[in-house]
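Student: Assemble chains F, L and U onto chain X, guided by the hints.
Protein chains: 4
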Amino acid sequence: MNHLPPSSDRISVVILGATGMVGQRLIERLSRHAWFRISALCASEHSAGKPYGEAARWRLPTPLDPSIAQMRVQTCDPDVEGTIALSGLDSAVAGPIERSFAEAGHAVVSNAKNHRMDRDVPLLIPEVNPGHLHLITRQPFGRGCVVTNPNCSTVGVVMALKPLHDAFGVEAADITTLQAASGAGYPGVPSLDLIDNVIPFIDGEEEKLATEPKKILGTLTDQGIEAADMRLSAQCNRVPVIDGHIACVKVGLRRRATRQHVEEVLQNFRPEIADLHLPSAPDQPIIYLRDDSHPQPRLHRDLGHGMTVSVGRLQESDVLDFKFVVLSHNTIRGAAGAAILNAELLVRSGLRDVLWAGKNECRS
Amino acid sequence: MNHLPPSSDRISVVILGATGMVGQRLIERLSRHAWFRISALCASEHSAGKPYGEAARWRLPTPLDPSIAQMRVQTCDPDVEGTIALSGLDSAVAGPIERSFAEAGHAVVSNAKNHRMDRDVPLLIPEVNPGHLHLITRQPFGRGCVVTNPNCSTVGVVMALKPLHDAFGVEAADITTLQAASGAGYPGVPSLDLIDNVIPFIDGEEEKLATEPKKILGTLTDQGIEAADMRLSAQCNRVPVIDGHIACVKVGLRRRATRQHVEEVLQNFRPEIADLHLPSAPDQPIIYLRDDSHPQPRLHRDLGHGMTVSVGRLQESDVLDFKFVVLSHNTIRGAAGAAILNAELLVRSGLRDVLWAGKNECRS
Amino acid sequence: MNHLPPSSDRISVVILGATGMVGQRLIERLSRHAWFRISALCASEHSAGKPYGEAARWRLPTPLDPSIAQMRVQTCDPDVEGTIALSGLDSAVAGPIERSFAEAGHAVVSNAKNHRMDRDVPLLIPEVNPGHLHLITRQPFGRGCVVTNPNCSTVGVVMALKPLHDAFGVEAADITTLQAASGAGYPGVPSLDLIDNVIPFIDGEEEKLATEPKKILGTLTDQGIEAADMRLSAQCNRVPVIDGHIACVKVGLRRRATRQHVEEVLQNFRPEIADLHLPSAPDQPIIYLRDDSHPQPRLHRDLGHGMTVSVGRLQESDVLDFKFVVLSHNTIRGAAGAAILNAELLVRSGLRDVLWAGKNECRS
Amino acid sequence: MNHLPPSSDRISVVILGATGMVGQRLIERLSRHAWFRISALCASEHSAGKPYGEAARWRLPTPLDPSIAQMRVQTCDPDVEGTIALSGLDSAVAGPIERSFAEAGHAVVSNAKNHRMDRDVPLLIPEVNPGHLHLITRQPFGRGCVVTNPNCSTVGVVMALKPLHDAFGVEAADITTLQAASGAGYPGVPSLDLIDNVIPFIDGEEEKLATEPKKILGTLTDQGIEAADMRLSAQCNRVPVIDGHIACVKVGLRRRATRQHVEEVLQNFRPEIADLHLPSAPDQPIIYLRDDSHPQPRLHRDLGHGMTVSVGRLQESDVLDFKFVVLSHNTIRGAAGAAILNAELLVRSGLRDVLWAGKNECRS
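Residue numbers (the numbering used here), protein chains in the order written: chain X, 1 to 364; chain F, 1 to 364; chain L, 1 to 364; chain U, 1 to 364.
Read the hints as simulated data drawn from the structure, not as lab findings.
Note that the Cβ used here is the ideal one computed from N, Cα and C, for glycine as well.
Watch out, some of these pointers could steer you wrong.
Computed spacing ranges between beta-carbons, pair by pair [to be verified]:
1) 203(X) to 279(F): 39 to 45 angstroms
2) 34(L) to 46(X): 49 to 55 angstroms
3) 64(U) to 258(X): 41 to 47 angstroms
Which chain X residues face chain L? A few, computed with CB under 10 angstroms, are given here [what the hints assert, rightly or not]:
4) 21
5) 62
6) 119
7) 180
8) 181
9) 186
10) 188
11) 190
12) 194
13) 196
14) 241
15) 242
16) 298
Looking at chain X on its own, in the form it has when it is part of the complex (with noise of 0.2 angstroms):
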């Protein structure tokens, strides 16, 4: 058992949502960090007042932690103890709450997909954009701030685009999607519709998947993020898998490669934040497997404790240039564990320092 720091020298978080799928992913990733100790569960009144083990409906094979099956549930409200927020709250609600945290002063790291387009809020990959998390000193949230990541099908994604931009410029990319239900959080999707069953629809999946990419790819300049010239298209599939999303990507370079080159950059991406050392980020962002069955949602979905992204099947193709095969966690590394790499980044960039430092002067 690695030995953790004293709950007093690390940095609170308030869950908000604590109830749900991504909460209850939260909680199962926080309840040893080494930064981290969670303050306070928020979620619906429904669930307020009720001790955590009582509120929830624990979905996950991890035991709770019984001290955290013990904590009260607390409605949304800012007051509540905490510096971080981190929110797996449902976009029906998010929006107003999140808001309000960021104004009270919290750094709101959200997986909702309310603020994620916004002109001033990052929508972050710490391995694929981390410089837009910048955007945050243009917040008009005092010390508080908003920090997104990516819905979760976008993930995968973007994180095997991103060493091919770099390298050869992605001028276009056609992605069919293969989702596994959590993705629909709980109760989700009916298994009547599920069983022998495919469902060719997930409400607002293709629309995200066609814009969210091109603002992490982008740039970021004075007037915000600059979104990538790239043309996307996406197909989305709800399938009977509990965990683990996969993405058929075919991709259009700008630039020449041959297949081999195109696995070497792959292969080998190396992300700007490896330095630093931040506890969620996998050893691999990226793997590529050889294994012509691979990757698979059963067998790949844990690699990197669910933040390393599984790419293999790379082939020629004849319409676009390349094609190959993503898999991603997508209440881990799309969700969870994304947001909480998210917050890993804010702490050790110091911009949250910052945000203190220079608000409390504005404020003062």
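Tutor: Positioned in the frame of chain X, the structure of chains F, L and U alone reads:
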């Protein structure tokens, strides 16, 4: 109950590979066929000599016809009774057996891949390229001939491309499939590979999807079939579904079209063979479904007794011009039903009679 | 196609709870019924006023009849047209609505649990206890009446116990079920609970299996039904199956029997109602399957159009006397088909006419 | 990361049947074992000579240790290096191979059924019948010996029966299992048999469940094991679950007990071996879960690293006295983990040293 013509008025049909999954579907669909009667069931040495009910592990919900259950399985010897041989043989053995049946004067209607790309063998979908059937008059088999149907994942895609190709010219298509377990036969895919999982690989399938459609949509010339000029690329996945292949298709067209126009063209598709009233031809070879979450394998695979192809989710795309979703029943429309419909066209076309007449002369 | 009597010659039937899973099955099975025609579709306020095709999320592979799709859904008001009311209502609301329909003179044939154990309400399986139908003459509903069918997991078990009870006397039965997802309705069980999983609990189900069979196998007396004298205990599990409940039954008999004798009794079961030729009664209410791996939900649930109960794997047991496996289609034999068969028996028995005649007098 | 003793201080272990499902689990659990190191990997002729990573189709989410992947697979020849032989061999070949290893002086710890019921072979669950291990001193294998673990469905049931038998005397048990696909190995059950389906039959399984528990719960005497006096009967089903066998158990007790008392006895079970601190022994061999819907395979199979047996839903029963549900991880607690725990007990008990000392004398 509909009344069948007396057995003696129906054409005798041999089933090759009678114990396999396609063989079972052939038997299911021929047990009350208006034109055909099963005269012999052929399979491997291992099964030969046993009553069919004992030799085959019947895997269909429709109960096995007791009179079929009692028929004794024979080896695949061209001397068996029967003028048409419907083959559900595995490609590992289909090549020489089918050839020997053709040489012995059988009209071989095959589901195996072995002869599909042969120069003088029609790769036939009656609603799409009925004229290609004339190729059989160029075959070197005397009174016999070989007709093939395409791979199970090809059929649905080509059926949807046909009206688009006629109306607008298909220039390119990017295809991602989500294929059912029955496509791999029995025992086929282990359940350990498909529970809570997807396999992003099906051996040989992507190649078939990139080549077969060009032959089917090609033009009959004196030199054989001139392949259609289009670029194709596919990624094929196995998903936990019993029957019904989904294909997510992105298509580039040669002539501009509105979404509305494309939908009309799909909906109003009326094949040349509509007036022939072939017993297995569905009223609608293509049905366009408007519900955003359709087509779904479990709900729509059996439309038109499994012979109707369902299309839905037509949208404009930023990469190629349009995208849509196609569903077809892989062991019916994509295999057994396809072969039977081919046999029906062969009979109705009169070409078989031509062979018999003409070749009789040649032989005499 | 079989020809139906003209609509005006058929008895008008109201569907209560028309949009739910049982409601959909009722509609599917009544759309071409020889005796009945659907005169009204009733559901909650939320659905009322909409065309049925819009109000219901149709979940069956059989396409919805277009004429039904256009019928406007009504609220559950006893003034609607119809002499028989077939109820697939949820038990949360079924009690008072069904009562009000009975009081208004409808023959209510219900699938809900609310009135099943009422003293003067028959809990009816036509092949098992047709005589219990006489209870309706003791009901306080004037021309109206209430007839119920048992819980979906009870039907199969009781059907198999009936011939054994008649022949040998059932003293005890230990039952373990493996129940399909459709038993929980739609949306019902979340897919996150059933992919790669089993839930060893179904609320209220074990109690129903321990009580309902005793009433059904009981004796009609002047004081009502005297429950059969047997000990019952059940454990109920939800498994990842769409339709078809398996019950593993161990049974203790009052009279000694050989395995061979028990099998014969199961196979040769010929119910009293066989001569009535009710339209929904299967040729064989019980089929005994000899293959060691049968019955299986996917292969055998649709036997007898879903109305045949499959039994297999009969063996002697060291604890109770015998053990065997029962399969029945839970939304057909266990719900919609059961209710329709009850309605058919009600009509054929003439008891409904008695009510109308007799009660008219009483009322005048 | 915990630090292991240097390799030279650890006991060398041969894996027999290394490429199969149980072999893979053995490797997974031994790759960082405190006492053992893998010295040889043995499998069939087909695999011999290849690096393990090539010979085996690795099916576990835990990545294969690279140093193991490079080890060359050997045939099952007793001359290989290793003092303990852990066998995951298929029963079709296990008998003579295991015997030859024992005769060559290996301590054979086997998961196969072949020698389980042999008179002088312990059928061992360390928490249940550690004393039975003394049987090995009566074996005719010189320094070698054979120890077996029970069938995967037996382990969980016996673990739950043990405290009840000690406290109240088990007179009878009726068992119905819902067993995972991995129990059949790889490729094992075809997905066409398990998607939307249940198979109510597993060859040989019901017999094992009716006999093995009596030996395990029996008494060691001079004549061998005197079987426990209890009546057992089982019905076994295969369900669409990857790992984790459910058993629904009804139990008749010799002494009266309240439900509360039975629950306490289950919860407070503390095995004799608790003080030995065997590396693979879970903190709690039995955990009693109070949530009505527990235990569930996906949520609880991994408790105690897969070695804890979960029990829940304890209720009084009208037929036998009590009923409850047991869950155990079939390829860990029911196979690989069971064998390793047996090997650990063998080492800790000192009996292996006795064999080596004593038999050396005999031999000299």
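Student: For every hint, state whether the structure bears it out.
Tutor: Each hint, compared with the structure:
| no. | hint | verdict |
| --- | --- | --- |
| 1 | 203(X) to 279(F): 39 to 45 angstroms | holds (41 angstroms) |
| 2 | 34(L) to 46(X): 49 to 55 angstroms | holds (50 angstroms) |
| 3 | 64(U) to 258(X): 41 to 47 angstroms | violated (30 angstroms) |
| 4 | 21 | holds (8 angstroms) |
| 5 | 62 | violated (15 angstroms) |
| 6 | 119 | violated (36 angstroms) |
| 7 | 180 | holds (9 angstroms) |
| 8 | 181 | holds (4 angstroms) |
| 9 | 186 | holds (6 angstroms) |
| 10 | 188 | holds (6 angstroms) |
| 11 | 190 | holds (4 angstroms) |
| 12 | 194 | holds (4 angstroms) |
| 13 | 196 | holds (6 angstroms) |
| 14 | 241 | holds (7 angstroms) |
| 15 | 242 | holds (5 angstroms) |
| 16 | 298 | holds (8 angstroms) |
When the structure is compared with the earlier hints, violations turn up for hints 3, 5 and 6 and for no others.
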